[in-house]
Structures are given as C-alpha cells and as structure tokens.
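> Residue numbers (my numbering), protein chains in the order written: chain C, 5 to 183; chain G, 5 to 183.
Derived by calculation from the structure, the hints in this document are not laboratory data.
None of the hints are false.
The calculated label-pair distances, taken between Cβ atoms and stated as ranges, are:
| no. | chain 1 | residue 1 | chain 2 | residue 2 | range |
| --- | --- | --- | --- | --- | --- |
| 1 | C | D22 | G | D22 | 41 to 51 Å |
| 2 | G | P27 | C | Y109 | 24 to 34 Å |
| 3 | C | P93 | G | G30 | 18 to 28 Å |
| 4 | G | G151 | C | Q170 | 43 to 53 Å |
| 5 | C | R58 | G | E108 | 39 to 49 Å |
| 6 | C | G124 | G | V149 | 50 to 60 Å |
| 7 | G | V149 | C | E17 | 25 to 35 Å |
| 8 | G | R99 | C | T111 | 29 to 39 Å |
Note that CB positions come from ideal geometry on N, CA and C, so glycine has one too.
2 protein chains.
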Amino acid sequence: MPPKPASDSSRFETLIHDVPDFPKPGVVFKDITPLLADAAAFAEAIGQLAERVRVHRPTGIVATEARGFLLGAPLALAMRLPLIPVRKPGKLPRRTINASYQLEYGTDRVEMHADAIVAGGRYAIVDDVIATGGTAAATAEMVEVLGGHVACFAFLIELEFLNGRQRLGGRALEALLRY
Amino acid sequence: MPPKPASDSSRFETLIHDVPDFPKPGVVFKDITPLLADAAAFAEAIGQLAERVRVHRPTGIVATEARGFLLGAPLALAMRLPLIPVRKPGKLPRRTINASYQLEYGTDRVEMHADAIVAGGRYAIVDDVIATGGTAAATAEMVEVLGGHVACFAFLIELEFLNGRQRLGGRALEALLRY
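Isolated chain C (complex conformation) (with noise of 0.2 Å):
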C-alpha cells in the first residue's frame, strides 16, 4: 500500500508540542505556543475551525479564559460573530452567572455577564484542548440557563482518553486533533 496522504492536521500536529509532567508529574501537557508562532499555520487552523464551525450554524462565540481567548477571539473576528468571555470567578465587572464543575479534588467555577446571552441564540463554545470537560460542560449550563442553544463544542485539540465527550450529553464537538 502506498503511504496515506498527510492529513489537514499533520501540520498542526508538529506545532503542538508535549511537554511531559507539566503542570505535575504524570500529565503531559499539550503546549500550543508553537503553533501561535507559526501565522501561517495558525491562519490555516483558525480558517479550519471556522469552515467546521459555520456548519452548525452559530449566532455567537463563546470563549473560555485563558487559553480559549487564543482560539475564540480570532474565530469571532474570522466568522463576524459576537464574543463572549467566560471568566475566572471576580473578573467580570458587571452582574455575573456562575456554574461550578468538579476538578480531581475540589471544584472551580467559571463566570459569564447576565446579559450576555441572547435568548433563542445558537453558541459556539471554543476553548483550546478539551480533557475532562468539566469547564466545557459548565460554561454550556450558563448558556442554557441565560436561554441560549449550544450550537456546538469547538476546540483545537481533544485528549479523547480523558473522555470529556461524555459530560457534553451528545451535543456536537469539533476538534482539529485528536489523541
């Protein structure tokens, strides 16, 4: 058999970088910075998601702080679409939702404005890798509860043996790669 063609993908690929125990022993961290290094191959991905992205129709981008910013805000820019932040507890100025999510030991919490959510809206919720999917699945909740649809889950990058598919209840998830 002849080789397989290089994927859409393999590009990215030698742009994410493992990094081993990182942040603790055991983890191997999936370091983006070289593929933000690379405009070209960064253009390539953000064009990408927007083209997987647009399918689903969506009516904003919702973007998780910190790393989620990378990826959501030129997806918005890219696709004309509103953005919303979703931030760290205490960051967000004005009158804030929160939904909490479960870590290995203790829970964390994310925020989003009350307001900033259109009722019968349809949201792309964008962050860069996807592991256990616990912020994912919260910031989904405080769309639901302001009223809008999760059109889709869109990240860069989902460590599928972590299985975080499986806290977003069948709703659909795009991702550039997979490992």
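Given chain C, work out where chain G should sit, using these hints.
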C-alpha cells in the same frame, strides 16, 4: 462653532462601558465586553489597531494574559504575525523568563517562554488597557532581555490620568481611545 464631526473612535467609545467601584471602591472599570459583542465594531477596532501598529513594522505580536489575548490574538491573525503569549507565573509549560512590576501594595510577575523571542525581531506589545503601565513595562523588559526590540505598545484604551506612558521610556504607544 459647529459641533465637531464624530471621530473614528466615537463608535467604539459607546461600546466601552464605565463600571464604577470595580474591582474596588473608587475605581472606574472600563468594560470592553459590549465591544466584543458587536462583531462589526470589534472587526473595525482590530482593523484600526492593525493599521496603526503596521507603521512600526513589527515582526511579532506579544499579548498579555488574559484580556490582552482578546485583542492580541485577532490582531496577530489580521496582520499575519507570530503571536507570543505573556502569562501569569506557572502557566507556561517550558523554560520561562519573568519580570516583576510594582502594584499599589506589593509586586506581581509575568512570564514568557525563554525561546519566544527572535533576537533582532521587532515586537508590538498588546493589551486591552494601559493603566499604570506595570505589565507593559515588565513585558518590554522580557522582550529586550531576550534580544528583541519593542516596535511599539498598542492598547485599545489609554487611561492617561494614570501616567502609564511614563513607565514606557518614550517608546511608541498606540491607543484607539484615551481617557
């Protein structure tokens, strides 16, 4: 005298909301989330920022966590330039350098990957707001320690009454809005 014609920035100005007493009593916070939520105005802001930054011929965009990512990432995409994130301590996975800056009480620190800057490269340092200029000055210090030049600083908003500009040693500074 006839009223002055609306400047280019008047559209943005109505989308930056003052939030009094945030994050603490006596401070008026500039909330940029209404601008982010207006896709056309946000695209126009990024376009105007790109135009001004281009004059300084940068070879890369350095953006500061977290709100700086919301401006810096789309700006890097629009200008097709490498994007270098500056983060809070402990967030970047590889070898970093850091710089400290003075707060009202105590100090804070930002980090950058030690291999993030190309020696001789020209960098635009981007954030949403310049207040006292501490983060911007610390970021410039890291860029220069690593052998890069600061082409310019670029902000959506300059809070002139806080004199942040004075900490930036006469380097070029672009801001779409001034208060």
